[in-house]
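Visitor: This is what each chain is made of:
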Amino acid sequence: EIVLTQSPGTLSLSPGERATLSCRASESVSSSYSAWYQQKPGQAPRLLIHGASSRATGIPDRFSGSGSGADFTLTISRLEPEDFAVYFCQQYGNSRFIFGPGTKVDIK
Amino acid sequence: QVQLQESGPGLVKPSQTLSLTCTVSGGPIRSASYYYSWLRQPAGKGLEFIGRFYTNENTNYNPSLKNRVTISLDTSKNQFSLRLTSVTAADTAVYYCARDAEHLIGFLHWGQGILVTVSS
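Heads up: the protein sequence lines correspond to chains E and Y, in order. Here the first sequence stands for residues 1 to 108, where the numbers follow my numbering. Here the second sequence stands for residues 1 to 120, where the numbers follow my numbering.
Only chain E is shown next, with the shape it has when bound in the complex:
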């Protein structure tokens, strides 16, 4: 069974700084199924990145995704106030979508 680990658990940064979030799978996975979501309190998740590196419609270009094999990264080049949220990575395996436990990006 594929397990996703996200690091760090919490990332404390200031607006304007760069955020680098990691998602590691317990085994090599398909980039096609790699996605990232942003979730704010009381809201549904929002798809940011799919296929490891493709931005979803309407997502600002300060968000970028990369990676392959078992290691994937979400980068936010310059944090805006609205970017402070929880971020989940997604993969697919054993007939189901799997999500990481999340990285919380909060204001330093």
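Treat the hints with caution; some may be incorrect.
Derived, one-sided and incomplete: chain E residues facing chain Y with beta-carbon distance under 8 angstroms [to be verified]:
1. G51
2. A56
3. R96
4. P101
If you're looking for bench data, these hints aren't it; they were derived computationally from the structure. As the structure is a computational prediction, the values presented were derived from the model and not from experiment. Backbone N, C-alpha and C fix where the C-beta goes; we use that ideal spot for every residue, glycine too.
Given chain E, work out where chain Y should sit, using these hints.
Guide: Coordinates of chain Y only, in the frame set by chain E:
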């Protein structure tokens, strides 16, 4: 603009069946066109995939829930539904309906979520 909206009871008794409906607006719901999915999120925790429907012959259910879950489409009402049997307190969560889009694997369109509590 595709919009999804969950509806159903917010409280279900243990051992009973949880039934939720997702109403889709902004376009017709069609079998073999998109994946129509349900996910859930216990308070303060991560996301869990419940299952998805593509056609009657092509559905995916989370193996950990497979024996208790049914997802179905009602094209006449532009809705899809979730049925989860024999619920326990562990099934208490915010339940989301979601849909993918062309050329991407993931959940692009989401409902706002509905809190379902399992309690006597």
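Visitor: If a hint holds in the structure, say so; if it doesn't, say that too.
Guide: Status of the hints after comparison with the structure:
| no. | hint | verdict |
| --- | --- | --- |
| 1 | G51 | 7 angstroms, holds |
| 2 | A56 | 6 angstroms, holds |
| 3 | R96 | 5 angstroms, holds |
| 4 | P101 | 5 angstroms, holds |
Hint violations for this structure: none, all hints satisfied.
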